Amino acid sequence: MTHPMIQFDKVLKAYGALQVLKDLDFSVDNGEVVSIIGPSGSGKTTVLRVLMTLEGIQGGTMYVNGEPLNKMNVDGQLVDASKAHIRRIRSKIGMVFQSFNLFPHMTALDNCNESPIHTQGKSKAEATEESMRLLEMVGLAEKANHYPSQLSGGQQQRVAIARTLAMHPEILLFDEPTSALDPEMVGEVLEVIRDLAKSGDYTMLLVTHQMGFAREVSDRVCFFDGGKMVEQGKPDDLFGNPQHDRLKQFLSKVLEAG
Amino acid sequence: MKEPGPTNGPGNTKHLRGMSMNRIAIVSALIAFLVGMTFATFSEMRVFLPAILKGAVVTVQVSILSIALFLFMSVISGIGRLSANRPIRWASIFYIEVFRGTSLLVILFWMFFVMPEFGVTLSPMVAGVTAIGLNFGAYGAEVVRGAIAAVPKGQTEATIALNMAPYKRLTRIVLPQAIAIMIPGMSNLTIELIKATALVSAVTLVDITYAAVQQNQLHYRTVEIFFITMLLYYVFAQFVRFGGEALEEHYTRHLSKRV
Ligand SMILES: Nc1ncnc2c1ncn2[C@@H]1O[C@H](COP(=O)(O)OP(=O)(O)OP(=O)(O)O)[C@@H](O)[C@H]1O
Ligand SMILES: [Mg+2]
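These protein sequence lines map, in sequence, to chains E and S.
Residue 230 in numbering that gives the first Met the number 0 sits at position 231 of the first sequence, with consecutive numbering throughout.
Residue 124 in numbering that gives the first Met the number 0 sits at position 125 of the second sequence, with consecutive numbering throughout.
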């Protein structure tokens, strides 16, 4: 039996009285690349943050490759997950942030080495070999010994991607990875993400305002509004033939804005 | 209001380093000059100076031990205050509130005069170091807590995304960045602490201040004696200040953009 790689089952997320995700059902298959689009405040970032366990949820269950994440099975019963359980499941998920969040007191290489050495217990030599390979892949091998403050935004984001890959996640989450970048640096980061999407090695969930890019790399695009998934479909269908009025409005606004 | 200095804006690190080297040079020249002047002018110094220097050794001992306890308590209770573990958090808050809300001199008297009533007799040195270290540790805890809270939230989120264990998150990511933030505050407190060690004279320790009072009663060289006393405290404070600045520069060296 095959499971979806990511599954949200009636997930409820609220900040006080404000329900940000309303009984969200949502799933992503293994190796699938899914983009999430939608207006500001619709809950796109929240979907990624609850899955990364940066935020707790108030109801429902999230599954990763068939295993519950925020719950665990004890004698056939689903109970709240222990910290150890969450850490075990979470090791399959990596996240790239809008603001990079590199560790400023470490070089690019040490940023990449941090999790392999200090979480996975790899030797320094082994971790460095792999990290250098990843930095090479994102085109930054010669910047390995630079500190984040010595790198441009685009370079920092590429290091952040390498750092995430170094922990060997199966799922990659991207939250508007290029929206904090100067326009001339957007391309270099999108290129890296495009390669990852094409490789088919990862299940990817991408929140973006770049409709062209979403259309190009995604297997499926989901439109969120008001904490619900309003519409989803193949990129060409969703962009070419939107069904819901709200999506039509959203797309016309986005296209107007350019 | 203070007039803005001519060129004292937030300069780059190289500029800062140049400034602090200059200041070290100026201050040491000044100290050397004043000490020389003093020796030249006050011929009777050798009558009281040895006693005062002996007091200075005691002040240094008390300071170093108290600073060690102060730093330890600051870090432990500053982190404890933010702990998810409720008993640890409450114990930290209790400690901080008790020792911040009470006078150092009164704590010192408790250690030295009241504890024996409960069967715990402390030597003047132990009483002094404990009172000062615990009192300043409570203030330091707030500096440490503030510094940890000032580390951007995104740093913690990155450690979660990288699945790091909570104690590695603290020791490898959060604390190294918090240290850079806490140094100015901690170095100010350390200077305050050194000045506050003068209070140990109240529990019979012969530190600089006590020695100065004694020598003054013997020789009546009030101006010279208290001038030297002031100078010694000033020199100790400068050591801490320069040390703090050097440490701060060390910890922030990668954080600003290279020009
Ligand atoms: N920590 C928080 N406390 C309270 N409300 C929050 C918090 N974080 C997010 N929200 C609210 O949750 C809603 C969804 O936020 P979310 O960040 O998921 O939106 P988004 O779709 O990513 O928007 P954007 O396109 O602007 O990034 C918003 O109304 C936001 O104000
Ligand atoms: Mg968002």
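Don't read these hints as lab results, they were simulated from the structure.
Keep in mind that the hints are not guaranteed to be accurate.
As the list claims (entries may be wrong) - Each pair of labels, with its calculated beta carbon distance range: (1) Gln57/E <-> Ala67/S: 33 to 39 Å; (2) Trp109/S <-> Gly15/E: 41 to 47 Å; (3) Ser198/E <-> Arg252/S: 35 to 41 Å; (4) Lys247/E <-> Pro175/S: 48 to 54 Å; (5) Gln57/E <-> Pro115/S: 53 to 59 Å; (6) Gly242/S <-> Gly199/E: 54 to 60 Å; (7) Leu254/S <-> Ser39/E: 27 to 33 Å; (8) Trp89/S <-> Ala83/E: 22 to 28 Å; (9) Glu135/E <-> Phe32/S: 36 to 42 Å; (10) Ala140/E <-> Val26/S: 31 to 37 Å.
Unchecked claim - List of simulated lysine-lysine pairs, DSBU-like, C-alpha gap at most 30 Å: (11) Lys152/S <-> Lys91/E; (12) Lys227/E <-> Lys53/S; (13) Lys21/E <-> Lys233/E.
This structure is a prediction, so every number in the text was calculated from the model and none was measured.
We treat Cβ as the ideally placed atom computed from N, Cα and C, and that holds for glycine.
Checklist entry - Taken at face value, is the distance from the CA of Lys53/S to the CA of Lys227/E at most 30 Å? => result violated (76 Å)
Checklist entry - Taking the beta carbons of Glu135/E and Phe32/S, is their distance inside 36 to 42 Å? => result violated (59 Å)
Checklist entry - For the pair Trp109/S and Gly15/E, does the Cβ-Cβ distance stay inside 41 to 47 Å? => result Holds, since Trp109/S and Gly15/E (Cβ atoms, about 46 Å apart) stay within the stated range.
Checklist entry - Are the Cα positions of Lys21/E and Lys233/E separated by 30 Å at most? => result holds (24 Å)
Checklist entry - Okay, Gln57/E versus Pro115/S on CB: inside 53 to 59 Å? => result holds (57 Å)
Item to check | Assessment of proposed distance window 35 to 41 Å (beta carbons of Ser198/E, Arg252/S) | outcome: Holds: the Cβ-Cβ distance is about 38 Å, inside 35 to 41 Å.
Checklist entry - Using the C-beta atoms of Gln57/E and Ala67/S, is the stated range 33 to 39 Å upheld? => result Hint violated: Cβ distance 47 Å, outside 33 to 39 Å.
Checklist entry - Holds or violated: 27 to 33 Å for the Cβ distance of Leu254/S and Ser39/E? => result The hint (27 to 33 Å, Cβ to Cβ) holds, given that Leu254/S and Ser39/E are roughly 31 Å apart.
Checklist entry - When you take the CB atoms of Ala140/E and Val26/S, is the distance between them in 31 to 37 Å? => result 47 Å Cβ-Cβ, so the 31 to 37 Å window is violated.
Checklist entry - CB of Gly242/S to CB of Gly199/E, is that within 54 to 60 Å? => result holds (56 Å)
Item to check | Given hint Lys91/E paired with Lys152/S - CA-CA distance at most 30 Å | outcome: Measuring from Cα to Cα gives roughly 22 Å; hence the hint holds.
Checklist entry - So the hint says 48 to 54 Å: do the beta-carbon atoms of Lys247/E and Pro175/S match that? => result holds (50 Å)
Violated hints for the displayed structure, listed by number in ascending order: 1, 9, 10, 12.
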